[in-house]
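*Asks:* Sequence:
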Amino acid sequence: MKTAFLIIDAQYDFCNPNGALFVPGAVEDMQRLSRLISRNLGKIDAIYATLDTHPVNDISHPSFWIGADGQPPAPFTMITAADVTAGRWRPLHEPEKVLQYLQQLEAQGEFTHIIWPEHCLHGSRGAALDDTLLEALRQFAHTGREYRTVVKGTHPLTEHFGIFQAQVPLPDAPETQLNTPLLQELALFDRVYLCGEAKSHCVATSLKQVMTHAPALAQKMVIVQDTMSDVTGLGHLGDPIYAEARQRGIAFVTAAEVQL
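With our numbering applied, the sequence shown corresponds to residues 37 to 296, in that order.
Calculated directly from the structure, the hints in this document are not laboratory data.
Please note that a few of the clues may not be correct.
[Stated by the list, open to error] List of simulated lysine to aspartate or glutamate pairs, EDC-like, C-alpha gap at most 16 angstroms: (1) Lys79 x Asp226; (2) Lys133 x Glu182; (3) Lys38 x Asp105; (4) Lys38 x Asp226; (5) Lys79 x Glu182; (6) Lys38 x Asp208.
[As the list claims (entries may be wrong)] Label-pair distances were calculated between CB atoms; the ranges are: (7) Ala279 x Arg161: 21 to 29 angstroms; (8) Pro251 x Arg161: 33 to 41 angstroms; (9) Gly269 x Glu132: 26 to 34 angstroms; (10) Met114 x Lys38: 37 to 45 angstroms.
Even for Gly, the Cβ is constructed at its ideal location relative to N, Cα and C.
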């Protein structure tokens with residue numbers, strides 16, 4: 037069977053305790069994932085590693101916004117369209133587009149817009165792959181097959197949790213729209229093991245996008261559930277997505293249970 041690994045956002049800022057948006061549990065997740073890869077080097081056909089990558093003045097960062105008191109929002113502040121209309125928060129860039137974005141995001145009923153600490157900045161250490169995982173990927177590459185990186189999140193006017201599409205795709209920005217070529221490429225494999233960070237957001241949304249846009253591929257996916265952890269206090273956001281996956285019969289395993 038042809039086997040691929042899809043590793044979501046296993047980067048310094050999420051996986052290292054000194055990272056800007058550290059996900060508790062990620063250190064152990066990366067250790068388990070790296071051991072899984074290392075013991076199956078000759079049995080994995082392809083590895084895709086996604087890279088969350090942002091400008092400083094990103095819609096999800098404090099510097100993009102200013103409050104009625106003249107101060108930027110603190111990380112983990114929730115901002116709604118009503119907040120903007122009432123003047124509680126004001127975007128410093130493209131205000132009309134931002135309001136429209138918030139309205140469209142809220143209409144989806146999945147996520148309220150949240151402000152994160154500045155993370156995974158272009159060219160920063162925080163955007164780099166986790167060191168432990170990178171060593172396993174180097175071992176994989178030394179077998180003659182190169183791992184592939186897929187960048188997301190570069191457009192400043194839309195959040196981009198899932199790898200396949202931004203939360204609100206923008207008509208004039210192809211990088212925010214559905215990545216059909218990647219879906220088609222992954223569909224060529226018999227099994228696609230899903231891993232990475234964070235379980236509550238970027239992994240869950242990637243899985244949701246596959247179930248929505250490529251249901252046949254979704255049935256080939258295997259969720260390696262102990263190679264991912266939730267953003268603290270926000271695990272409930274991803275729970276409905278994983279519940280839907282279980283209802284569809286998508287496999288859930290631990291790293292120790294994976295047999296290639």
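*Asks:* Against this structure, judge whether each hint is valid.
*Replies:* Here is how each hint holds up against the structure:
{"no.": "1", "hint": "Lys79 x Asp226", "result": "holds (13 angstroms)"}
{"no.": "2", "hint": "Lys133 x Glu182", "result": "violated (39 angstroms)"}
{"no.": "3", "hint": "Lys38 x Asp105", "result": "violated (56 angstroms)"}
{"no.": "4", "hint": "Lys38 x Asp226", "result": "holds (5 angstroms)"}
{"no.": "5", "hint": "Lys79 x Glu182", "result": "holds (14 angstroms)"}
{"no.": "6", "hint": "Lys38 x Asp208", "result": "violated (36 angstroms)"}
{"no.": "7", "hint": "Ala279 x Arg161: 21 to 29 angstroms", "result": "violated (36 angstroms)"}
{"no.": "8", "hint": "Pro251 x Arg161: 33 to 41 angstroms", "result": "holds (38 angstroms)"}
{"no.": "9", "hint": "Gly269 x Glu132: 26 to 34 angstroms", "result": "holds (33 angstroms)"}
{"no.": "10", "hint": "Met114 x Lys38: 37 to 45 angstroms", "result": "holds (42 angstroms)"}
Figure legend: structure checked against the earlier numbered hints; hints not met, in rising order: 2, 3, 6, 7.
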